[in-house]
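A.B. asks: Below, each chain spelled out in residue letters.
Protein chains: 2
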Amino acid sequence: MNETARTYDVIVIGGGPVGENVAERARAAGLSAVIVERELLGGECSFWACDPSKALLRPVVARADASRVPGLDPAVAGPLDVEAVLAHRDMMSSYWKDEDQADWLNAVSVDLIRGHGRLTGCKEVAVQTSEGDTIALTARHAVAVSTGTRAALPPIPGFDTVRPWTSREATSADKVPDRLAVVGGGVVAVEMATAWQALGSQVTMLVLENGLLERMEPFAGELVADGLREAGVDIRFSTTVTSMAREGGEDGEVRITLSDGRELAADEILLATGRAPQTRDVGLETVGLTPGDWLTVDDTFRVTGVDGGWLYAVGDVNRRALMTHQGKYQARIAGTVIGARAKGEPIDDAPWGAHVATADHAAVPQVVFTTPEVASVGLTSREAEQSGRRIEVVDYDLARVAGAHQYGDDYRGRARMLIDTDRNTVVGVTFAGPGVGELVHSATIAVAGEVPLDRLWHAVPAFPTLGEVWLRLLETYRG
Amino acid sequence: MNETARTYDVIVIGGGPVGENVAERARAAGLSAVIVERELLGGECSFWACDPSKALLRPVVARADASRVPGLDPAVAGPLDVEAVLAHRDMMSSYWKDEDQADWLNAVSVDLIRGHGRLTGCKEVAVQTSEGDTIALTARHAVAVSTGTRAALPPIPGFDTVRPWTSREATSADKVPDRLAVVGGGVVAVEMATAWQALGSQVTMLVLENGLLERMEPFAGELVADGLREAGVDIRFSTTVTSMAREGGEDGEVRITLSDGRELAADEILLATGRAPQTRDVGLETVGLTPGDWLTVDDTFRVTGVDGGWLYAVGDVNRRALMTHQGKYQARIAGTVIGARAKGEPIDDAPWGAHVATADHAAVPQVVFTTPEVASVGLTSREAEQSGRRIEVVDYDLARVAGAHQYGDDYRGRARMLIDTDRNTVVGVTFAGPGVGELVHSATIAVAGEVPLDRLWHAVPAFPTLGEVWLRLLETYRG
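Taken in order, these protein sequences are the chains called A and B. Those letters in the first sequence? Residues 1 to 479, by my numbering. Those letters in the second sequence? Residues 1 to 479, by my numbering.
The set of hints was computed from the structure by calculation and includes no laboratory data. The structure presented is a predicted model; accordingly, all values stated were derived computationally and were not measured. Check the hints yourself; a few may be wrong.
As the list claims (entries may be wrong) - With the Cβ distance kept under 8 Å, some of the chain B side facing chain A (calculated, not the full set):
no., residue
1, Cys50
2, Arg58
3, Gly78
4, Ala363
5, Leu439
6, Ser442
7, Thr444
8, Gly449
9, Asp454
10, Phe463
Heads up, the beta-carbon is just placed ideally off N, CA and C, and yes, glycines get one too.
Chain A extracted, bound-state conformation:
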């Protein structure tokens, strides 16, 4: 066992897309940077979330779209080629190898240390390398924690004995379970229920709440629930799991007891019950913080409660917006602001400035790749109500848009736009319906750009696209 010591301008703990981007931006600012990663470079997104999940979902969504198109519909009535879908998913996950990402890191001159990094004090990180060595790192300017999250497993009796699926197994499994129980009703739950039901599982969703996608507009969850049910998913709302056990050994079935007293048998159970920060073992206690906590930050990503402003937390671990794209946005800003502070440059931290993540509060986009899709950005009507601002809610039935009529038969969807009536701007948009995914960036630009309504009237939607709903929403608001 060797002990070595090294000094960098910036140390990044966690080499997912967020950590990679923090380091890259710090390098671009002329600082030296190192990433410490104990698993695969590229993180959850590349290997156990976005990439493999979308690879599983794309055929399902494309088939659903095609099945609504007259003249094409009979062709896609049959099942998917499961083997081909899983093989493609493996390819899209780079076969769980990270050489390409390591090459990229090398190309942008960021060092990589494979191992477990832990804070050991102010600007100090100790790495236990994969080879068993210890490296003592010192940061001249900043340490950024971007360790992300893991699945938060609920303390249901028996959960630790049934080998449950988390998002990782749900995205990387190479066998289709005959029966899959999904606990949860959020994004991971609905996406994985969509995928595995289409791949051949009989999926049962066990949902604590009385609806799906509870953080989004209610109609989104309703439309997704309709789609899941039509695909054959059994959704049970207001249902909790009181215990679970795998019977008959390793390959036996999972027996699940429900809050209504009923039992359910499944071959696998996916626990999609939220996320917890990966902070239990990164040395938070050495800098006065509590292991296992989320890391609270200011808008430039400095962790609150740590003196000297050297500790940053970027991405999911700060709980601001648990999405890859938003984490990368944070990373670009964090890397840039670390660079600016290191060079003593002025900090542009007015709202929407170059050094603050204003969009985290106002314009976080999200696309849920289900059938139908859901795409949203900014406030929901519930958040608007709580905000105390004067906001008007405008709804429109997407099926009435010519582009929807063209997109597919029996189109069902809905759009909602929230208008700040004092500022005359759009502060939130939700679309739910087939094909709406790419429409979200129009809303993101409108919300983040604070484009006045008067000007949005001059942004003409092309006919016949789904985007024409923009015109209908404006017309509805005008009354």
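Based on these hints, arrange chain B on the given structure of chain A.
C.D. replies: Using the frame of chain A, we list chain B on its own:
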């Protein structure tokens, strides 16, 4: 034959989507309005353009998309169900009946006179009704001409003897010709070549220019040409037709002589060689204008060269932007400004004001529904060069975006963004690639909204969507 006389605040000649919207907005401003329509209410768009053409193209595009998705691709390898596609097209064209639109007009209290309207002098219109009556109409405030365009047939020897297809026949035909010759390389040509080739025709394109979609960025036409060729279309560039004749009677084949001396036989020939204004027989001569001319207008749609400011020309007939959505935009503004002038209200005609169609100059979106799709808004690089403004061209290979990788195997596409470096705004965007259609409205909002680049950095594209190309374009520009 009866003669009657009536007076309205506003007379609209031509009841396509544009005329309908002019009248509806004038009504909303409290004016009385009448539409004179000699064919079907709803115009080309509803019956012989957007609606039927998109109904023909949607199955082709959806099949092309599905054919690139592993696990789904074998299912869609077969041909389309032609009968189902044509039956659906008939339905999407409302079986060439306009009762629904007449009901809508009635609901918004706009009168309809079915017949041929002609100007007879200042604020005077004579209508020869379908029943043979004559109605003399007088406008208190305004007459709007929104008669649109017809196919411009080239004076090629024989063209009047072969019963050529125009956009009308190409969108409404109920038999698939074995061999279809398409003359032209613009939007109608490429869309109809795409549709009929997929429906079973062997399509040959005869293109005067050396590329397709010459008004767009060159890469758009190149990608569409690749797609057409892969579908089996024979494209011949720099080729003109010197003569044509139908041999062997009504059902005989069309023999086409080409500029290179070669001959081509086809069952039908589509002349997609541009549009001409429908102004030959609307009485322009009675108000000092020349029949057959395009009508030149100011930004509030008043025809130049006519005293008193009572004559408006709205939609395709003014040649500003030959697209339904842009015509409807013009119509909303024209109807509103007619209302404002009638009431003596102030006119908001500063750029981007409520009473001017600034977007006609700066932000006209267009989607071409081919495989791949093309979507553009604002300036092209050629237009930028001619503008004399300082504009930087930024390109990005769409295939490098994660969302494209997910969208389908072997994705090919490209994006171009034009930046006005003095104003720090985006002034033009072109996307070409599968699935880009709904992406265009993001660009339209950015261009029409004049959202500064600094702010666009805060408009985070959702991962993994095609929209992520926005981030890549910004990064490429930053360098």
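A.B. asks: All the hints need checking, so say for each whether the structure fits it.
C.D. replies: To see whether the hints hold, each was checked on the structure:
no., hint, in the structure
1, Cys50, "holds (6 Å)"
2, Arg58, "holds (6 Å)"
3, Gly78, "holds (6 Å)"
4, Ala363, "holds (7 Å)"
5, Leu439, "holds (5 Å)"
6, Ser442, "holds (4 Å)"
7, Thr444, "holds (5 Å)"
8, Gly449, "holds (4 Å)"
9, Asp454, "holds (7 Å)"
10, Phe463, "holds (4 Å)"
Hint violations for this structure: none, all hints satisfied.
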